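J.: Chain by chain, the residues:
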Amino acid sequence: MNKILLLTKVLRKCEKGDNAGNNNQNGDAQLPVLITLAIALILGMYLLGKYFASAPFGFEFSRSLVCSFVYFLAGTTVFMWSLIRFVNRLFMSSDLSVLTTMPFSSSQLATVKFINTAGFLYIVAGFIIVPFCVGYGIASNAPISFYLTSLIAFVIVPLFSLGIAGTLIIIFFSIFRFARNKDLITFIGMGISFAFMILVMFLNSTSTDELKNSLETIINAIMKVVSIIPVIPFLIKFSENFDVLSLLIAILISSASFLLYYIVAKFLYLKSALSIVATSSSAKKLSDSDVQSVSKRNSAVKSYAKKDLIMVRRTPAYLINGFVIPFLWPVLMFLPMILQNGVSADNSFIDAMRNTDSPVHLLYSMIVPFVVAMFSAFFVSGINIIAFSSISREGKSFVYMKNLPMSYKDQIKAKRNASLSVVFITSTVYTFIILTVMCILGCVSWLSIIFGTVLNFLLLIICTDFSIISSVKRANISWENETEITKGGVLTGVYVGIALIGTVICGAIIGLLAFFVLNMSAVLIIVFCVLLVALCAFVTYRTEKRMYRRTTELLKEM
Amino acid sequence: MIEVKNLTKKFSKNFIAVNDTSWVAPDGAITGFIGPNGAGKTTTLSMITGSLKPDNGEILLNGIDIMKKPIEAKMQFGFVSDSPDHFLRLKGIEYLNFMADVYGVDTKTRTDFIENYSKRFGLFDALNNTILSYSHGMRQKMMVLGCLIHNPKIWLLDEPLLGLDPQSAFELKQMMREHCDKGNSVLFSTHVLEVAEKLCDRIIIIKHGVIQFTGTLTELKDQYPGEDLENIFLKITGDNNE
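Protein sequence lines correspond, in order, to chains A and B.
First residue of the first sequence: 399, per my numbering; consecutive thereafter.
First residue of the second sequence: 3, per my numbering; consecutive thereafter.
Hints listed in this document are in silico derivations from the structure and should not be mistaken for laboratory results.
Among the hints, erroneous ones may be present.
Within a straight-line C-alpha distance of at most 27 Å, the following computed DSS-like cross-link-like pairs (lysine-lysine) qualify [unchecked claim]:
| id | chain 1 | residue 1 | chain 2 | residue 2 |
| --- | --- | --- | --- | --- |
| 1 | A | K682 | A | K664 |
| 2 | A | K682 | B | K110 |
| 3 | A | K871 | B | K237 |
| 4 | A | K794 | B | K155 |
| 5 | B | K155 | A | K800 |
| 6 | B | K15 | A | K800 |
| 7 | B | K155 | A | K807 |
| 8 | B | K200 | A | K954 |
| 9 | B | K121 | A | K682 |
| 10 | B | K121 | B | K110 |
| 11 | A | K700 | B | K110 |
| 12 | B | K55 | B | K209 |
| 13 | B | K55 | A | K811 |
| 14 | B | K15 | A | K954 |
| 15 | A | K943 | B | K70 |
| 16 | A | K704 | A | K683 |
| 17 | A | K800 | B | K7 |
Everything numeric in this text was worked out from a predicted model, so none of it was measured.
Construct all of the structure, not just a fragment, from the sequences and the given hints.
T.: Shown next as structure tokens:
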């Protein structure tokens with residue numbers, strides 16, 4: 399027991415030490431914020447309690463029902479959150495390589511990890527249960543048993559969730575041997591999270607009106623769902639009847655959950671943890687002929703860009719931020735709308751766009767590609783982490799970058815090409831597809847596809863060039879963890895702001911201009927579009943020159 | 003050949019890392035660059051490789067000024083830094099091909115080099131694995147291979163034997179000797195005096211940014227008769243010498 403307490407203390411201190419540089423000073427500053435938040439939550443719960451007490455839908459929500467729901471909310475939140483934290487602490491923690499060599503048993507290590515994980519999650523549960531207990535309790539004139547039950551619920555509901563989550567994680571890592579590869583786990587986890595998100599969206603979209611409107615159905619559903627955490631029904635029984643036996647059963651269930659974790663950890667944890675520590679690549683060995691086939695000469699710039707892309711693809715933090723999000727942004731942005739609302743459109747409006755004789759068709763043939771191109775270019779540039787982290791990504795290898803017999807211009811060109819190749823697919827190709835679909839539907843003319851695609855590509859080059867300049871100016875090569883440099887900073891805000899607000903404003907201005915031109919001739923619209931592209935091309939040319947000059951100056955000084 | 007003339011680097015008014023040093027690492031010789039921690043070895047190497055700009059002086063690599071013609075000068079040397087933790091997410095074979103492309107090595111030469119030297123260093127079977135999965139010694143050997151793939155005339159090595167197993171250390175020392183015997187030059191920094199004693203034809207001792215000695219080991223020992231290298235080194239670099 400002493401060993402467990404000692405190690406728990408040490409690990410907690412280490413964690414504090416790790417975050418000392420960033421968070422220690424913030425800790426004191428955060429306290430008033432947390433207190434304010436807690437007061438706001440209590441007040442909110444009080445008002446909500448008063449509201450429900452007034453039977454707003456002609457239906458009185460019983461205290462037991464509300465309690466069940468809140469305990470369930472706390473239990474599931476802790477469960478979901480602890481899944482992630484258990485993966486990190488039990489299997490991904492950097493201290494594992496040291497701890498596994500020390501004289502600790504499997505269950506001792508797992509218990510320490512459990513305690514360290516539980517600390518934060520009890521705070522989370524506290525933020526849900528305590529304001530509810532105080533706010534709702536006062537509003538509904540709750541008896542003492544309510545407060546007592548809430549206090550017990552605060553202790554045993556998170557314990558149950560933690561025990562189950564920890565057990566599941568250990569079993570999962572023991573069964574699936576692919577867990578040896580951390581990168582693969584991250585990738586699979588990402589895939590599962592995405593699938594889960596789609597599932598939630600889908601379930602949300604299929605919820606029927608009956609379910610939405612029928613309070614009784616909701617209540618029944620809550621009671622059924624709540625029993626997933628078996629502790630809650632017994633706690634409610636105790637709260638209603640002061641049934642001590644129910645309370646004992648609830649405590650036993652929670653303790654059993656931890657016991658289950660302890661037993662599973664005793665037999666499985668250390669074995670699985672050691673296999674993670676022993677992570678190694680087991681790629682196919684190359685033969686002499688393989689070496690010959692893969693060793694072909696390429697240009698230095700091309701090879702440098704390829705190296706950058708490989709490193710982005712193989713680093714989970716860059717992979718998620720640099721590849722996955724840019725590739726999935728249309729899905730993430732538009733799928734919820736499509737799933738929840740269905741594709742609905744004003745038919746008369748679509749008909750007007752389709753009617754080639756209508757002035758609206760001509761107008762939209764220019765505005766639609768402009769808006770699509772501009773929004774897509776700026777939004778994707780805002781999340782183009784490959785460009786933002788161009789120099790910082792080198793980290794300790796920056797010294798090699800300086801030693802290579804390549805001019806800084808060529809190195810920057812390679813980095814620009816690497817990031818541009820990704821955003822080209824995730825923005826220009828998407829723009830082309832969207833406009834082509836609209837053209838096939840007859841909404842815009844085929845010239846719009848060319849106009850939109852070219853405009854988008856030029857805007858992308860301009861944005862990427864500015865991102866690269868920013869990456870040199872804000873270079874941070876002394877990071878410890880890759881996630882530290884996967885942020886775009888102010889420029890992200892600027893790009894996304896332009897994407898959201900700028901697109902609307904510019905679209906409206908162009909619409910007005912086009913409307914006046916429209917009254918004269920369609921040829922003038924084409925001339926206008928060509929001039930716009932030419933202007934963009936000129937700005938692109940100037941930006942390129944500026945980028946190479948500025949980055950070379952900055953790199954020489956570094 | 004490496005020629006350093008009146009090289010100076012100041013980090014602040016009070017701290018001069020390298021103070022007006024001039025020396026030569028000639029062709030056909032292994033030159034050891036020796037000095038205690040903070041003596042200015044790494045600063046000097048950084049200036050020779052073009053990573054750091056000197057405040058004053060000139061550095062010629064095979065007669066090419068690193069300041070005036072940096073790309074040409076950088077083609078003359080291969081540099082192995084003291085830390086091998088670079089390009090960790092690349093596979094060994096990808097790293098070597100990347101370095102070969104950067105230095106413009108043709109397909110035939112690079113293939114022969116990769117096959118021969120990766121087998122000599124015991125890395126051939128690991129070529130298809132990421133460098134991240136390598137041990138410290140394997141990473142060190144991979145960095146050495148990457149820097150030598152373009153067969154540079156000058157080898158610059160910062161603590162190259164650190165972390166190498168005896169077999170690989172032997173191989174590298176032998177490669178250094180072979181390279182010098184072909185009329186090329188090797189400059190390496192080390193703390194291990196035994197290595198310097200056995201391997202170096204010439205040594206340069208630096209302390210507080212000032213060159214204390216340049217010449218052959220015999221010349222050094224002649225100045226301190228009856229003393230072993232360790233004692234001589236301690237006498238030269240010790241504080242009581244000031």
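J.: All hints, please: hold or fail.
T.: Right, here's what the structure says about each hint:
no.: 1; hint: K682(A) - K664(A); result: 35 Å, violated
no.: 2; hint: K682(A) - K110(B); result: 23 Å, holds
no.: 3; hint: K871(A) - K237(B); result: 46 Å, violated
no.: 4; hint: K794(A) - K155(B); result: 26 Å, holds
no.: 5; hint: K155(B) - K800(A); result: 19 Å, holds
no.: 6; hint: K15(B) - K800(A); result: 26 Å, holds
no.: 7; hint: K155(B) - K807(A); result: 26 Å, holds
no.: 8; hint: K200(B) - K954(A); result: 39 Å, violated
no.: 9; hint: K121(B) - K682(A); result: 16 Å, holds
no.: 10; hint: K121(B) - K110(B); result: 17 Å, holds
no.: 11; hint: K700(A) - K110(B); result: 19 Å, holds
no.: 12; hint: K55(B) - K209(B); result: 20 Å, holds
no.: 13; hint: K55(B) - K811(A); result: 23 Å, holds
no.: 14; hint: K15(B) - K954(A); result: 22 Å, holds
no.: 15; hint: K943(A) - K70(B); result: 23 Å, holds
no.: 16; hint: K704(A) - K683(A); result: 22 Å, holds
no.: 17; hint: K800(A) - K7(B); result: 22 Å, holds
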